[in-house]
Structures are given as C-alpha cells and as structure tokens.
Amino acid sequence: MKIAIASGKGGTGKTTLSVNLALALSDAQLFDCDVEEPNCSLFLDCEPKLLEDVNCLVPIIDSEKCSLCGQCSEFCRYNALAALPSKVMVFPSLCHGCGGCTLICPEGAVREEPRRIGIIEKAVVSELEFYRGLLDIGEVMAPSIIKALQAHIEEGKTAIIDSPPGTACPVIATVENMDYCILVTESTPFGFHDLKLAIDVVRQMKIPFGVVINRHGLGDARVEKYCLAEGIPLLLMIPNDRRIAKLYSEGIPFVKEMPEWKERFREMFETIKNQVDQGGSA
Amino acid sequence: MKICVTSAGEGPDSEFDPRFGRCGYFVVLDSESGALESIENKSAGASGGAGIQAAQTVAKAGIDVLLTGGVGPNAFSVLSEAGIEVKIGPSGSVSDAVRQYEEGKLQAISSPNSAPHAGMGAGQGPGKSQGRGQSRGR
Numbered sequence: 001m002k003i004a005i006a007s008g009k010g011g012t013g014k015t016t017l018s019v020n021l022a023l024a025l026s027d028a029q030l031f032d033c034d035v036e037e038p039n040c041s042l043f044l045d046c047e048p049k050l051l052e053d054v055n056c057l058v059p060i061i062d063s064e065k066c067s068l069c070g071q072c073s074e075f076c077r078y079n080a081l082a083a084l085p086s087k088v089m090v091f092p093s094l095c096h097g098c099g100g101c102t103l104i105c106p107e108g109a110v111r112e113e114p115r116r117i118g119i120i121e122k123a124v125v126s127e128l129e130f131y132r133g134l135l136d137i138g139e140v141m142a143p144s145i146i147k148a149l150q151a152h153i154e155e156g157k158t159a160i161i162d163s164p165p166g167t168a169c170p171v172i173a174t175v176e177n178m179d180y181c182i183l184v185t186e187s188t189p190f191g192f193h194d195l196k197l198a199i200d201v202v203r204q205m206k207i208p209f210g211v212v213i214n215r216h217g218l219g220d221a222r223v224e225k226y227c228l229a230e231g232i233p234l235l236l237m238i239p240n241d242r243r244i245a246k247l248y249s250e251g252i253p254f255v256k257e258m259p260e261w262k263e264r265f266r267e268m269f270e271t272i273k274n275q276v277d278q279g280g281s282a
Numbered sequence: 001m002k003i004c005v006t007s008a009g010e011g012p013d014s015e016f017d018p019r020f021g022r023c024g025y026f027v028v029l030d031s032e033s034g035a036l037e038s039i040e041n042k043s044a045g046a047s048g049g050a051g052i053q054a055a056q057t058v059a060k061a062g063i064d065v066l067l068t069g070g071v072g073p074n075a076f077s078v079l080s081e082a083g084i085e086v087k088i089g090p091s092g093s094v095s096d097a098v099r100q101y102e103e104g105k106l107q108a109i110s111s112p113n114s115a116p117h118a119g120m121g122a123g124q125g126p127g128k129s130q131g132r133g134q135s136r137g138r
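Respectively, the protein sequence lines represent chains A and B. Using the numbering used here, you'd call the opening residue of the first sequence number 1 and step up by one each time. Using the numbering used here, you'd call the opening residue of the second sequence number 1 and step up by one each time.
Bear in mind the hints are in silico, worked out from the structure with no lab data behind them. Be aware that one or more of the hints could be misleading.
Straight line, CA to CA, 25 Å or less: simulated BS3-like cross-link-like pairs of lysine-lysine [claimed, not checked]:
(1) K42/B / K60/B
(2) K87/A / K60/B
(3) K65/A / K60/B
Okay, the calculated beta carbon distance ranges per label pair [as the list claims (entries may be wrong)]:
(4) K60/B / L42/A: 35 to 43 Å
(5) D241/A / A115/B: 43 to 51 Å
(6) A168/A / E102/B: 43 to 51 Å
Simulated coverage check for chain B against chain A, where a stretch passes if three residues somewhere in it have a Cβ under 8 Å from a Cβ of chain A [to be verified]:
(7) 54-65
(8) 101-111
Where a beta carbon is used, it is the ideal one built from N, C-alpha and C, also for glycine.
Work out the full structure, taking the sequences as your base and the hints as a guide.
And the structure:
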C-alpha cells in the first residue's frame, strides 16, 4: 500500500507525520519526495548514501544532417530549441526530456544524451528503509526526481511518502499513483484555505483521502466542522503539546519517547486500509 | 535595413515596451522601403523560454537591429547567433524609438543586460510560496 502525506500549506506537519507513521509500522519504506528541500533525515539517525543519479535526456543536433526545417523548435513547448536560419540552438536547462524533437525530426538529426538533474539517496534505519531525492541546485524538474524515487517502492511493503507542500506539479507527481492520501493541516485560516485546495486536487485525481489535524487545540474548529459537513474522515488529531514540540526541536520523532502514539498511528493505518478496501469515498 | 522595436501594441504610434521576451508586439520598419510590419509576440505568455522564442521570431523576420529595454542571457545568445545588433534605452512611442536610434542616442550592448525571467509580470511566474517554518520556538 502506498500512502502519501500531503498538505496545501507548508509547515503543517507532513514530515512529522510521515516519519512517525513510518516508524510506528514494521517493515515500512519511507520516501522523502520533497526533493527541493528534503528534511526527513533530520529526524532519522542516518547518513543517506548515493544510490543513483537522475538524468534528463536532452537533444544533441547533428548539424550535418539538420535541414533547418524548424519542426523540432515548433514542437517544443518549453522553448528549449531555437531554430535559426543558420543553425538550431539547444537550451538544455529548459528541456523536459520528452523526446518529442527526436521523434519529429524528419532527418534523424536529433540524438539524446543524459544530463544529470539530481540524485537518489538511501539509508536503512533499523527496520526502516529510507529513500530521498535531491534536485540539483538551479534545476526545475522536481517531478522527474520524484518518479525516479518512487520507482524504488516495493510491492507488498507499506510505502509512506512525504510530499512537497502546495498543489503544483511536484505534488501531482508525488500523489498520482498513490492508494491513499493523508492531508495534514492545522485549524487556522491559512491551514483551512490551503487544505481546501489540496482536497480539490485529490478529489479530481480520485485518490481516497482523509485529514489529520496537527497542533490540535490551536486556532479554531473550522476544519473539524468542514470535514464533518463534507463527510471527510478525520483520521487523527495530534495535540498542540509542548512535549511533542520539544522533541521535534531536538530532531526526535515523538513515537520514540511517547510509545502510546505508536498504537494510535497503527490504528490510523488500519482505518486507512479499511477505507481503501471499501473503495475510498470522500 | 530592418529595425525592430518591442512595443505594447501594433503600429508606429503604440507605446515602446522595454521587455523583450514578453512584449506585446514587434514592430519592424524597413528603413529603405519604409514598409512597416507589426508581428504579434506569441511567446509573451510562455511559462519559460519566452526570450528564446521571441529571438527566434525576430530572427525569422530578418531584422538587423533590435531596439528594446532588457535582454536576458538565453535570448541574447540567440540574437548574437543570428547576427542581430541590440540597442537599448529608447522611450516614448515606436516612432520615437526609431528616431532616437537614427540620431545615435541609443546604447549598443554586447552582453545580456537583464536577468532571466525579468520580464515576467506579477502572477505569471510559477508562484510557489510555500509558507514554511512558522511558529518555530517562541
């Protein structure tokens, strides 16, 4: 089973929930898909090691074969190719690696070459297999790293996937093949506003989902009221507890020091499994 | 010789637009024949690579000189490859810009004078304010 932990707003507790849930389950895989600034490892006593490079295939134009017809440049929606009367120029940093120019070239003048855009790292922390992606500085294609990262999901294991914040391409790439999505929020005006954006996304993508309220007690009851009215499962409330905040500040997942929470996370996992088995809803 | 001015609208009276990749139109004047052509800039709303596309458009139009405000590194490399001279700093209308050029008042540039994405107006960028890290410590 593949479970993504997402949120509209940043800083609501995706990583906290991902790490604690993964540690509460036995034999889980944890994936940090926030490849622009992965931070799960801050809470795991580990040093991730390089597993592989992630490459984007960019075009190389053979000027001997090129007839300067310009079809490659016309095709490229990212403007990575400029067809001039004298030559075709390539801008590799704008290329998304779709391969369309290679297919469309009538002269067979385009070949592709890999260009590194990031890496995948791995660490094993006792029972937990941890993977993270890192997008190289200056690169934009987070979704490619996320896809390469998710290729390490093993069938039969439980994959916990820490999503980037927001509702843009990296989030879509993270959640699109999930069995379930947990949306973490806090009951504040911003938290609520962005939660609704995230709900729109998962509904449109037809991914079963439920909501976890973090720092419960902070703010008001608007998220609970909304979920109740919409029939959205409220999976868990994590209280606005000073002990949890202190452990967080020390980089310690709170399930380690507050073992009663292991049981709560497992119960939540069972609730999710049941919801998925019954075909989703919400 | 073909002179191209980046502009907000069509024709000689429209306002000069200092942006290159994301201007509304390219107004091209053939100084020998006096012929005037307004070409819509289809890359004005592109999510990326607008300057590259714009440079391709003006190169295809066969221009010799470009009068604009700012040219980023990618666009500049295409313009150089196409052998187009870039002059910056006009003001007023398209015809004012051409006059300023003919009077030798505009400065030539030999390297990009603008940062990538500088011509993106508010709301056109990828926009990912992530709202992170609030209420840390006290």
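Hint check results:
Distance check on the hinted pair: K42/B and K60/B sit about 13 Å apart at the alpha-carbon level, within 25 Å; holds. The straight-line distance between the Cα atoms of K87/A and K60/B is roughly 12 Å, inside the 25 Å bound, and the hint therefore holds. Only pairs whose Cα atoms come within 25 Å are accepted, and K65/A paired with K60/B is accepted, the gap being roughly 21 Å. A hinted range of 35 to 43 Å for the beta carbons of K60/B and L42/A is inconsistent with their spacing of about 52 Å.
In this structure, D241/A and A115/B meet the distance hint of 43 to 51 Å, their C-beta atoms being roughly 46 Å apart. Range check, A168/A to E102/B: Cβ separation about 47 Å, and the 43 to 51 Å hint holds. Counting residues of the region 54-65 of chain B whose beta-carbon sits less than 8 Å from any beta-carbon of chain A gives 4, enough to reach three: the coverage restraint holds. Counting residues of the region 101-111 of chain B whose CB lies closer than 8 Å to any CB of chain A gives 0, so the stated coverage by that chain is violated, three being the minimum.
In summary, the numbered hints that this structure violates are 4, 8.
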